[in-house]
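Visitor: Please arrange chain C on chain Z, whose structure you already have, making use of the hints.
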Amino acid sequence: TQLLEQSPQFLSIQEGENLTVYCNSSSVFSSLQWYRQEPGEGPVLLVTVVTGGEVKKLKRLTFQFGDARKDSSLHITAAQPGDTGLYLCAGVAGTASKLTFGTGTRLQVTL
Amino acid sequence: GAVVSQHPSRVICKSGTSVKIECRSLDFQATTMFWYRQFPKQSLMLMATSNEGSKATYEQGVEKDKFLINHASLTLSTLTVTSAHPEDSSFYICSALGEQYGYTFGSGTRLTVV
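One line per chain: the protein sequences are Z and C, in this order.
All you need for the working numbering is the position in the first sequence, starting with 1, plus 138.
All you need for the working numbering is the position in the second sequence, starting with 1, plus 62.
So here's chain Z without its partners, still in its complex pose:
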């Protein structure tokens, strides 16, 4: 079983603060994705990373894939209340197609 551990589990910050969410595993992933999920809805894809060491930016969000393709991080700059939600990393291992989700990080951004 490929276990993806996210930290922290829960984060409550004020608007304007920066934060980093980590996604770690002992397994190697051919690709890793980050999603955000709102209550009562399906997860929405934010980014896919496939190359070890890859860094992708999406406005205030910066995603990094570890050199060994076992871990990833999501950094949010100047968080806004609209960033509130459940952040999930998910990985695909080898040639299999199934997507395994991390344990999740619940982010709350207050005014």
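Derived from the structure by calculation, the hints contain no laboratory data.
Built from N, CA and C at the ideal position, the CB exists for glycine as well.
Worth double-checking, as some hints may not be accurate.
Dumping the calculated EDC-like pairs for lysine to aspartate or glutamate here, alpha-carbon to alpha-carbon at most 20 Å [stated by the list, open to error]:
hint : chain 1 : residue 1 : chain 2 : residue 2
1    : Z       : K236      : C       : E121
2    : C       : K103      : Z       : E155
3    : Z       : K236      : C       : E161
4    : C       : K103      : Z       : E192
5    : C       : K103      : Z       : D221
6    : C       : K103      : Z       : E176
According to the in silico footprint, chain C covers these stretches of chain Z (three or more CB under 8 Å from chain C) [what the hints assert, rightly or not]:
hint : segment
7    : 176-182
8    : 202-212
Guide: Positioned in the frame of chain Z, the structure of chain C alone reads:
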């Protein structure tokens, strides 16, 4: 972009009855669909992988006779929760894998068994 339609969005059923959840890829073909279950305050747990025209592959600990999956066409997969019990109450989410769009998720089904 790709859209996956999941119905119903909410369902309440009596204990002992069966419930069917549909997952449709609206504008693309999906040879593989996935079914996940999510309990409150938790992440998505993969239940099974469904391939068109073949039997589903279930994850360890998931009862295949309780959670029946049918993937009869390239655009439709169904999950039937048989003889539902209160502990089956959960948020069920499907995902369709398309060649062009990658993984696209449905909006989920909130199942409450009373």
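Visitor: Which constraints among the numbered hints does this structure fail? Numbers only, ascending.
Guide: Per hint list: 2, 4 and 8 violated.
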